[in-house]
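So for the sequence shown, this note's numbering puts the first residue at 1; every next one is plus one.
Among the hints, erroneous ones may be present.
Stated by the list, open to error - The calculated label-pair distances, taken between Cβ atoms and stated as ranges, are:
| id | residue 1 | residue 2 | range |
| --- | --- | --- | --- |
| 1 | 117 | 231 | 23 to 33 Å |
| 2 | 62 | 29 | 33 to 43 Å |
| 3 | 194 | 229 | 16 to 26 Å |
| 4 | 220 | 92 | 39 to 49 Å |
| 5 | 255 | 207 | 34 to 44 Å |
| 6 | 45 | 25 | 26 to 36 Å |
| 7 | 196 | 39 | 32 to 42 Å |
| 8 | 196 | 119 | 25 to 35 Å |
| 9 | 65 | 87 | 37 to 47 Å |
| 10 | 140 | 33 | 18 to 28 Å |
| 11 | 92 | 226 | 16 to 26 Å |
| 12 | 203 | 37 | 14 to 24 Å |
| 13 | 229 | 115 | 39 to 49 Å |
It should be emphasised that the hints constitute simulated quantities derived from the structure, not laboratory data.
By construction, the Cβ of each residue, glycine as well, lies at the ideal position given by its N, Cα and C atoms.
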Amino acid sequence: MAQLVATMGIAHAPGVTGWLDRAPKEEQDAVLAGYAEFARRMEALKPDVIIGVANDHLLNFPMSNIPDFCVGIGDHWDGPAPWFKDWLNVPDYAIAGHRDMARALVRESAKAGINHAFAEHLLFDDNWSVPLKFLFPKYDAKFIPIHMNPIVPPTPSSGRCLEVGKQIARIVSAYPSDERVVVMATGGLSHDPGGVDYFTVHEDFDRWFMGLLEDGDVAQVERELPFEKYLEGGDGGGGELLAWLVAMGAAAEAGRPNAESVFYVPSVPLRCGMGGSYWDLT
1 MAQLVATMGI AHAPGVTGWL DRAPKEEQDA VLAGYAEFAR RMEALKPDVI
51 IGVANDHLLN FPMSNIPDFC VGIGDHWDGP APWFKDWLNV PDYAIAGHRD
101 MARALVRESA KAGINHAFAE HLLFDDNWSV PLKFLFPKYD AKFIPIHMNP
151 IVPPTPSSGR CLEVGKQIAR IVSAYPSDER VVVMATGGLS HDPGGVDYFT
201 VHEDFDRWFM GLLEDGDVAQ VERELPFEKY LEGGDGGGGE LLAWLVAMGA
251 AAEAGRPNAE SVFYVPSVPL RCGMGGSYWD LT
């Protein structure tokens, strides 16, 4: 059977590729060192499959019709989407999909009462373009993107996201292959694109949230994170941290709910709290 070897939550802020030079040198070095540590771990794990979970900033779906989760079932993916190329400053890339496992995620989740949308074609913005560039620069693993709605109410609850993650772990562990799989949730930390907190980083909120993941108490996370709580991290961006709960749910199902906080940099010039949490399941 396939093996889930790690899950993670990591920032995908476009500033890290688009305007990193605007941050002080010490912030630049700390952010790049954080991503480099994740890349080192991925190189050591050598996963065959990456299951990504993130929002797509209204790129693929209109505000009037956003599915809670949409699984990409295509054989091939590429990016960045044309509109994002100059802004992100990420070279064009291509990465293989994994149709069979993606279809299993849709099919088996439905049997468990979790109905996902699915799509052959999806556009990629900073949600995947930033973390893939740093963590998987060879683009040599198969990639299953899961686009979710953490912004436009009604959003999936914290409990629902945890359960989606648990179901992903169950499906991976029953999938008939010897592939090594990681779940890469991206988004956050505190930021508010174009909003009143556009040039504010809520460091206290970020550290509190990452501390919750370190504690690993799934019931507490579900209890203390109604959607309104995420808004303390930015009205337009805090909700992206719902994706990290998918990663936590998968790790909890594997019996290791306590995260390691790998790095955190509150960077106002990058307009985002930059950081990453990691669950080692080996």
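Hint check:
1. 117 / 231: 23 to 33 Å: 25 Å, holds
2. 62 / 29: 33 to 43 Å: 40 Å, holds
3. 194 / 229: 16 to 26 Å: Hint holds: Cβ distance 21 Å, inside 16 to 26 Å.
4. 220 / 92: 39 to 49 Å: Cβ of residue 220 to Cβ of residue 92: about 43 Å, so the range 39 to 49 Å holds.
5. 255 / 207: 34 to 44 Å: For residue 207 against residue 255, whose Cβ atoms are near 26 Å apart, the range 34 to 44 Å is violated.
6. 45 / 25: 26 to 36 Å: Given a distance of about 31 Å, which is inside 26 to 36 Å, the answer is holds.
7. 196 / 39: 32 to 42 Å: 34 Å, holds
8. 196 / 119: 25 to 35 Å: 33 Å, holds
9. 65 / 87: 37 to 47 Å: Cβ of residue 65 to Cβ of residue 87: about 25 Å, so the range 37 to 47 Å is violated.
10. 140 / 33: 18 to 28 Å: 23 Å, holds
11. 92 / 226: 16 to 26 Å: Since the Cβ atoms of residue 92 and residue 226 sit about 40 Å apart, the hinted range of 16 to 26 Å is violated.
12. 203 / 37: 14 to 24 Å: 20 Å, holds
13. 229 / 115: 39 to 49 Å: 26 Å, violated
This entry does not satisfy hints 5, 9, 11 and 13, going by the numbered hints stated previously.
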